[in-house]
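Single-letter residue listing:
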Amino acid sequence: GQQLNQSPQSMFIQEGEDVSMNCTSSSIFNTWLWYKQEPGEGPVLLIALYKAGELTSNGRLTAQFGITRKDSFLNISASIPSDVGIYFCAGRLGTSYGKLTFGQGTILTVHP
Amino acid sequence: GAVVSQHPSWVICKSGTSVKIECRSLDFQATTMFWYRQFPKQSLMLMATSNEGSKATYEQGVEKDKFLINHASLTLSTLTVTSAHPEDSSFYICSAPSGERDQPQHFGDGTRLSIL
Chain R
1 GQQLNQSPQS
11 MFIQEGEDVS
21 MNCTSSSIFN
31 TWLWYKQEPG
41 EGPVLLIALY
51 KAGELTSNGR
61 LTAQFGITRK
71 DSFLNISASI
81 PSDVGIYFCA
91 GRLGTSYGKL
101 TFGQGTILTV
111 HP
Chain Y
1001 GAVVSQHPSW
1011 VICKSGTSVK
1021 IECRSLDFQA
1031 TTMFWYRQFP
1041 KQSLMLMATS
1051 NEGSKATYEQ
1061 GVEKDKFLIN
1071 HASLTLSTLT
1081 VTSAHPEDSS
1091 FYICSAPSGE
1101 RDQPQHFGDG
1111 TRLSIL
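For the record, the sequence lines run as chains R and Y. Each residue of the first sequence is one higher than the one before, starting from 1 at the first, in the numbering used here. Each residue of the second sequence is one higher than the one before, starting from 1001 at the first, in the numbering used here.
A few of these clues could be false.
Here are the simulated lysine-lysine pairs, DSSO-like style, with alpha carbons at most 30 Å apart [stated by the list, open to error]:
hint	chain 1	residue 1	chain 2	residue 2
1	R	K99	Y	K1020
2	Y	K1041	R	K36
3	Y	K1020	R	K51
Not the full set, but computed from the structure, chain Y residues with beta-carbon under 10 Å of chain R [what the hints assert, rightly or not]:
hint	residue
4	V1004
5	T1017
6	S1018
7	F1091
8	C1094
FYI, nobody ran anything at the bench for these hints, they're computed from the structure. Keep in mind that this is a model prediction, so the values were computed, not measured. Glycine residues also receive a C-beta, built at the ideal position from the N, C-alpha and C atoms.
Given the sequences, and given the hints that come with them, work out the whole structure.
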């Protein structure tokens, strides 16, 4: 089945630094999604990407859908302590009601 | 906006007990819902796809007799962990696709299951 490789697994950064994480897939997706999850809660959508090559921003977050449709990255600029959490990429192939395949997650720690 | 409500949020029970978790779509109809399992600091692993009015579709390696799924209405899916054991302790999360471009799936807040 489809697999997503997300890296890095964890990051320890200082407040104000920029962050970059990415996901690669063994096969193509037609939707890439980026989520953030905090302890004891469900994932919260950050950015949705629907077209190869698409670059989308949401505040300090920027994500891109790779041209090959097999990869995506998420950048966070000028990190702040509340950015702490686990970030997941997710890919979907098929209809808008289709299932998601999640990456392994990136644990982000921001030191004040 | 659309919301998915999951209940209970936390349950602790003895080994051998069966536990039911509910997932409700509050202001939209969901013919499909997804059930995930998540261990600490790990990813969400899809367990099964719940289909209203028909049998659930289980992912490879998930025991359908262990994890019973019922999707009897367009707003409710339930996951029952039968004869739970400590190794079943995990965080269970449901989601429902909304068909909305800006919010592809709505996730519940999860259920923390602890089996003693």
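Subject >> Hints the structure fails to honour >> reply: Hint check: 3, 5, 6 fail, others pass.
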